[in-house]
Structure formats: structure tokens, C-alpha cells
Amino acid sequence: MNQLMAALGFGLVSSAIVAIGGVGFTLQFGVSGIFNVAYGAVMTTAAFVAYFANSILGLNIWVGVIFAAATGAVLSVVIERGVYAPFIRRGSSIFSVIMVSFGIAIAVQSTIQAIAGLSPLTFNLGQQSSVRLGAMSWTNNEIIIMALAIVSMVVLHAILRSTKLGKAMRAVADEPELGRACGIDTGRVTTIAWALSGALCGIAGGVLALETVTFANDIGANYLFVIIAAAVVGGVGQPYGAMLGALVIGVSSQIAGIVAPVFVEVVPLALLVLVLLVRPDGLRSGGALRKETATA
Amino acid sequence: MAACQSAQTAINSAGGVRGQKVACTREDAGSDPADAVPAADKMLSSVKNLVAMIGPNAVAPATEPIIKKAGVVMLSESGDPRYDQSTDPFFFRITPADDVAGAAMAVWAIHSGLKHAAFVFDNDLGAQTSVPTLTYAYKKLGGTIATSATLVADQPSYKSEVESLLATHPDGIITETDPQTASTFMSELLQLNNGHFLPVQTDATNMTTQYEHALATTIGNSNMQKYFSGTDIAGPTPAGPAYLAFTAALQGSGTNNPSQFYGQVYVSSPYDSLIASALAMTAAKSSKPAVWKDYMTQVTGTPHAGSVTVNTYDAGVAALKKGQHITYVGANGALEFNKYQNNSGSFAAFGYNQANPEAAALYVIPSGTIAGLMMP
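Chains F and P are the protein sequences, given in the same order.
For what it's worth, the numbering used here labels the leading residue of the first sequence as 1, then goes sequentially.
For what it's worth, the numbering used here labels the leading residue of the second sequence as 1, then goes sequentially.
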């Protein structure tokens with residue numbers, strides 16, 4: 001029972017990281033219909049920025065995570081405006097855009113490799129103090145990661161539900177042509193959505209690297225599958241669904257790890273298949289942001 | 001090339017093989033069969049009087065049939081367990097197989113008092129190769145396995161796995177993972193075990209600079225020095241005529257910065273096997289591989305009565321000219337080929353010593369001990 005409670009505690013940390021990344025991923029898809037495989041490469045870039053800010057510039061690790069968020073936001077907007085938007089304006093198929101995103105992912109990862117090399121990098125975190133709650137145990141950093149996830153979700157919820165920008169995002173996601181006819185600058189809204197989701201992507205990359213302690217230039221690509229699984233389990237294009245998906249996948253993976261470590265990787269895949277089989281639109285189908293066609 | 005060039009220097013300075021000078025040539029086989037097969041083909045078709053090839057190692061299964069068909073001796077450092085019972089008469093494995101390392105780890109664990117250890121290996125094929133032999137040998141030596149965990153490499157957290165491991169109360173950990181996995185796992189072990197660490201033993205080939213750097217950063221140098229050790233194939237003993245001949249040949253070979261190779265088992269082993277090959281040719285009075293390959297086991301093995309132990313090529317040639325039987329014991333010790341032409345080799349355990357990476361072995365594990373612990 002103690003191990004189960006401990007796994008639940010660890011699962012909450014995993015869920016927090018997956019939630020930050022998953023919501024960013026699904027927000028991009030929800031607003032622009034782009035299944036952005038390069039998301040993992042942006043996470044990796046952000047992880048390296050967080051590391052260099054902390055280990056080379058000597059800044060506090062959380063300042064490093066802010067740098068990572070800014071990097072994610074800027075890089076995502078550059079990729080969306082500079083690469084995806086021209087393809088979408090030309091009416092490229094979703095398949096073509098996915099292939100383009102693979103190309104971007106490889107280009108970004110190769111660039112990181114050329115600059116930073118292949119050797120793994122390690123955060124010098126020292127001996128971290130722990131906080132215990134029954135059998136559950138977290139480091140101070142992990143508590144901040146969970147708090148960061150909650151704050152990110154609350155802020156995103158507030159933006160989507162209570163601001164004009166949020167309404168515009170939902171309108172663009174639901175019916176872009178109608179939104180445009182109503183005077184919404186869909187291009188601007190899409191760019192802001194990509195900046196927001198890119199910031200979440202950057203935060204996810206930064207905190208993932210912190211949690212892993214040692215990481216290399218494949219960290220984002222390796223973790224992308226879990227993020228996509230959370231997004232799909234929750235219902236692609238639905239931020240609240242991604243939060244739910246992250247919770248389900250994060251906790252169940254850690255509990256599965258008690259049975260056999262290899263199941264940690266199997267659980268997201270199994271849940272993904274199961275949900276696609278039983279509820280193709282995800283656990284939380286019919287949410288706010290969802291669409292199936294690409295828009296610029 | 002340092003091994004071949006130094007052997008070439010030693011052989012040619014003693015007059016060559018039956019009056020013929022030897023020469024080294026190189027083809028880059030890479031690590032991909034698609035590159036290795038054309039490279040092997042090119043060497044076999046373009047080099048006249050080719051008597052032996054060192055390697056390729058990582059892609060041995062792709063090239064070994066071609067080299068066998070050409071009737072050329074292959075001196076391989078491949079760790080692939082498929083060659084544990086090789087029937088290729090031209091194939092000689094000159095360094096121990098990867099799975100043999102598992103038996104060495106078991107011996108060192110028991111010797112250092114780990115009787116109830118946890119096994120933690122990642123799901124990489126290279127890491128998993130050692131596990132069956134380790135399990136077999138560890139149990140045979142009286143050890144009980146606290147838990148055996150196969151980790152999915154490069155996960156962001158292994159806390160559940162660490163909790164499960166700690167619940168079994170192991171007295172140490174025997175492990176082989178990549179640096180990232182090790183760093184994450186060990187830092188969480190330190191955290192969840194309230195700042196206390198456990199003895200950790202690994203295959204020393206796994207303790208790369210990256211591995212040591214990652215671990216030293218996360219758990220600290222003092223923990224590394226106090227708790228970490230690894231087993232590796234025993235390198236050359238820096239003393240004796242064979243070692244002196246090896247280092248002299250390296251210095252005379254024109255190799256850049258030869259001293260960097262003095263303690264390198266992956267240089268001294270092929271050097272020894274080439275010297276043994278040249279002695280086999282001398283004993284066979286033939287440089288045809290189909291003939292002299294059968295003499296490899298005659299000029300090597302454990303020194304015994306009725307055979308003159310020689311440590312250098314020229315001493316071996318001189319003894320053979322007198323009609324004596326010889327046993328060559330090289331810089332890396334005796335070459336003891338079993339019936340599958342696998343050299344079992346001895347192992348040694350090393351501690352982590354940042355200040356002195358070349359520190360002496362903590363414990364030497366003789367090849368005979370390991371041979372008795374291999375799975376039937």
C-alpha cells in the first residue's frame with residue numbers, strides 16, 4: 001500500500017510535466033489544426049536554454065525555466081509563421097504539414113547537436129531536501145513543478161474562458177472563416193496561441209530536464225510520445241482533456257512501474273489504443289478547442 | 001592501427017615471418033553492415049597475401065562469413081555471444097565475450113560482500129547481454145537476488161522502481177545503464193534512501209567519461225569514490241618482458257602519442273594475437289591461413305611443462321628454430337583459446353578514482369574462475 005501511495009505521489013509529478021506539455025501541444029492543434037511533431041525538438045531547445053542559463057550563466061534554475069519558456073514561445077512562433085503558415089496558405093494537406101514538422105524536428109535537433117554536441121548534460125542540483133506526505137515524497141523542485149502546472153492550467157483556463165483573446169481562440173478553432181467574417185484577426189490570434197503553447201512547451205522542456213537531471217539532445221523527442229498520448233487520451237485539441245489525459249497517464253505509468261519497470265512505457269501506448277478504440281474523440285470529447293482542418 | 005603497427009614493428013625488427021616482412025593495411029568498416037561488407041570485400045580482393053584481419057568487431061556477424069569463405073584468419077574483439085560456440089575454424093575471439101562480463105561481475109560482487117544484491121539494467125541489448133550469465137554465476141556463488149529490474153532507458157523518473165528496489169533491502173546494486181538513466185536513477189535513490197547510498201558495481205566499460213561525469217555531478221565525487229566500482233577485462237601488467245616489448249614496439253611504430261595506448265587492453269590484445277599469429281606461421285612453416293591457423297592453439301595457452309614460455313616474438317622464433325615447443329604469453333597475459341577458439345581472459349575490479357584514473361586493480365579475477373561460472 002505504501003508503494004502504491006508513493007507511486008501516486010511520483011505520478012502527480014509526472015502528470016504535472018505531461019500536463020504542461022500536453023496542454024501546449026493540444027492548444028496548437030486546437031487553434032491551427034497542425035499536428036506539430038517538432039514540438040519535441042522545441043522542448044529540447046528549451047531544456048538546453050534552461051541548462052545554459054543555470055549552469056553556464058549561473059542563474060537560478062527557475063530563471064532558467066523562464067528563459068526556456070521564452071525560447072519555446074519565440075521558436076514556436078517562428079516555426080508557425082515562417083514554415084507552417086506558407087504551407088497552409090497554399091492548401092497543403094495535413095499529411096504534408098506533418099511531414100514538414102518531421103523535417104523541422106530533425107533540423108532543430110541537428111542544430112542543437114552541432115552547437116552543444118552529443119554528450120549528455122547534468123544539472124548540478126546538489127542534495128535536494130524532500131517533503132513527505134505519508135508515503136508520498138517530493139523534492140522542493142518537484143513541488144514547484146506541480147505548482148507551476150497548476151498555475152499554468154489556471155492561467156490558461158482564465159484566458160480561454162474570461163478574455164476576448166480566449167473567446168477569439170475558441171472561435172478560430174471552431175470556425176475560422178466565420179471568425180474572420182466577424183472581424184477576428186485569425187492570423188494574430190493563431191500567433192498568440194502559438195506563443196502561449198510554445199511557452200508551455202518551453203516550460204515542459206525545462207522542468208523535464210530538471211526532473212531527469214541528466215539529459216541529451218533527444219529528451220524532447222523521447223518524451224513527445226507521452227505528451228501526444230496524453231493529448232489524444234484527453235481528446236486532441238481540448239486543453240482540459242489534455243489535463244485529464246496527463247493525470248491518467250502520469251499516475252498509471254508510475255503505478256505500472258511498481259509491477260514491472262518496462263510497463264512504464266507500455267501504459268501510455270495501451271491507454272492510447274484503448275481510448276482510440278472505445279472513445280475515438282478522447283475521454284473528454286466535445287470540448288472547447290477542436291477542429292480537423294488546418295488554418296493559417 | 002596502433003596494435004597492428006606495433007606488432008608489425010616487433011615482427012619486422014626480428015626479421016619478419018620466415019624472412020618475409022609484414023605490413024598493415026586499413027579499411028574503415030564503420031558500425032553498419034552496409035559499410036562493413038564492402039570494406040571487407042575490398043580488403044580481401046585488393047590485398048595480396050592477406051594472412052589475417054583484426055576485426056571488424058561491431059559488425060562481425062555480417063563480415064565473418066565472407067572472411068571465412070576467403071580462408072583468412074579473423075582476430076576479433078567482438079563481444080557478440082553468438083560466437084560463444086563458434087564453429088568457424090578461421091575465427092579467433094581474442095577478448096572475452098560480453099556475456100562473460102556478467103560472470104566477472106558476479107565474482108566481484110560476492111568477493112566484496114554483496115550477497116543480496118539488486119540487479120538494475122536498462123533495456124538496451126548491450127546491457128541485457130550480461131544479465132543471464134550474471135544471474136547464473138551470482139546464484140552459483142551463493143548470492144540471492146533482491147530484485148532484478150529492467151529499466152526503460154532515459155525516463156524522466158524511476159522513483160517507483162527505486163521504491164520497489166529499496167523495499168527488498170538489497171546490500172548493493174549491480175547495474176549497467178546509460179549515463180542519463182544512471183544519473184536519474186541514482187539521484188532518486190539517494191533522495192528516497194534519505195541521503196544514504198548503497199555499493200554500486202557495474203561493468204567498467206559502462207563507466208565512460210560521460211557516465212562518471214553525470215554521476216559525479218548528481219551524487220557527488222565522494223559517493224562515487226566510496227560506493228562505485230566496476231569490473232573490466234584485465235589490462236596489461238606494466239612490468240615484465242612482454243609489456244616492455246609491447247611498449248617498445250609502440251614507440252618504434254610511428255604511432256602518434258604511443259604512451260596513451262600502454263594500458264589499453266583493446267590495443268595490447270590485438271598486438272598479442274598478431275605476435276601469436278606470426279609465431280604460428282613460423283611454427284607451421286607456412287603463411288597460408290588454412291595451414292597456420294591450426295598452430296595458434298599450439299603456440300598459446302597456459303604455460304606448461306614441456307613448453308618454453310616466451311614473451312616476445314624474437315624469443316619465440318629463436319626457440320622454434322631450436323625445435324622447442326613454445327607458449328607465448330604476451331603483454332596482456334596468456335591467450336587461452338577454448339575449443340570454440342574463444343579467449344576467456346582474466347578480469348579485474350577497479351574503483352572510481354577521479355584523481356588517479358589509472359589506479360591499480362582492486363581485485364584480479366583469473367580466467368579459470370570465470371570459465372567455471374559460465375552457463376552450460
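Incorrect hints may appear among the rest.
Partial chain F-side listing against chain P, Cβ under 7 Å, derived [said to hold, decoys possible]:
hint	residue
1	Q3
2	A7
3	S119
4	T122
5	S130
6	G183
7	D185
8	E265
9	V273
Calculated from the model, a selection of chain P residues having no Cβ within reach of chain F, i.e. all distances over 10 Å [to be verified]:
hint	residue
10	G19
11	A58
12	Y158
13	K159
14	A214
15	Y363
If you want the ones that stay clear, here's a sample from chain P, every Cβ over 12 Å from chain F, calculated [to be verified]:
hint	residue
16	A34
17	S46
18	R82
19	D84
20	P241
21	F337
In case anyone wonders, no lab produced these hints; they're calculated from the structure.
Note that beta-carbon positions come from the ideal geometry of N, C-alpha and C, so glycine has one too.
Here is what the structure says about each hint:
1. Taking 7 Å as the C-beta contact cut-off toward chain P, the hint placing Q3 (chain F) at the interface holds, the least distance being around 5 Å.
2. Taking 7 Å as the C-beta contact cut-off toward chain P, the hint placing A7 (chain F) at the interface holds, the least distance being around 5 Å.
3. A hinted interface residue such as S119 (chain F) counts as satisfied when its beta carbon comes closer than 7 Å to some beta carbon of chain P; here the least separation is about 5 Å, so the hint holds.
4. For T122 (chain F), the interface hint holds, the least distance from its beta-carbon to any beta-carbon of chain P being 4 Å, beneath 7 Å.
5. Evaluation of the S130 (chain F) hint against chain P yields a held restraint, the C-beta minimum of about 6 Å falling below 7 Å.
6. Checking G183 (chain F) against chain P: minimum C-beta separation of about 44 Å lies over 7 Å; hint violated.
7. Here the hint on D185 (chain F) is broken, as its CB sits about 38 Å from the closest CB of chain P, past 7 Å.
8. Restraint check, E265 (chain F) versus chain P: the minimum CB separation of about 5 Å is within 7 Å; hint holds.
9. Violation of the interface hint for V273 (chain F) is found here, the shortest Cβ-Cβ separation to chain P being roughly 18 Å, above the 7 Å cut-off.
10. No Cβ of chain F approaches the Cβ of G19 (chain P) within 10 Å, the least distance being about 49 Å, so the stated non-interface status holds.
11. No beta-carbon of chain F comes within 10 Å of the beta-carbon of A58 (chain P); the shortest separation is about 18 Å.
12. The Cβ of Y158 (chain P) does not lie farther than 10 Å from every Cβ of chain F; its closest approach is about 7 Å, which violates its non-interface assignment.
13. Consistency note on K159 (chain P): stated as away from chain F, yet its beta-carbon is not over 10 Å from all of that chain's, at 4 Å minimum.
14. Under the 10 Å C-beta cut-off, the non-interface status given to A214 (chain P) relative to chain F is violated; the minimum distance is some 4 Å.
15. The claim that Y363 (chain P) is not at the interface with chain F holds, since no C-beta of that chain comes within 10 Å of its own (minimum 29 Å).
16. Residue placement check: A34 (chain P) keeps its beta carbon more than 12 Å from all beta carbons of chain F (closest about 21 Å).
17. Listed as outside the interface, S46 (chain P) is consistent with that label: its C-beta sits roughly 34 Å from the nearest C-beta of chain F, beyond the 12 Å cut-off.
18. Against the 12 Å criterion, R82 (chain P) stays outside the reach of chain F, whose nearest CB is about 24 Å from its own CB.
19. With a closest Cβ-Cβ approach of about 26 Å to chain F, D84 (chain P) is found to remain outside the 12 Å limit, as its non-interface label requires.
20. The claim that P241 (chain P) lies off the interface holds: its Cβ sits roughly 40 Å from the closest Cβ of chain F, which is beyond the 12 Å cut-off.
21. Listed as outside the interface, F337 (chain P) is consistent with that label: its C-beta sits roughly 37 Å from the nearest C-beta of chain F, beyond the 12 Å cut-off.
Checked against the numbered hints above, the structure breaks hints 6, 7, 9, 12, 13 and 14 and satisfies the rest.
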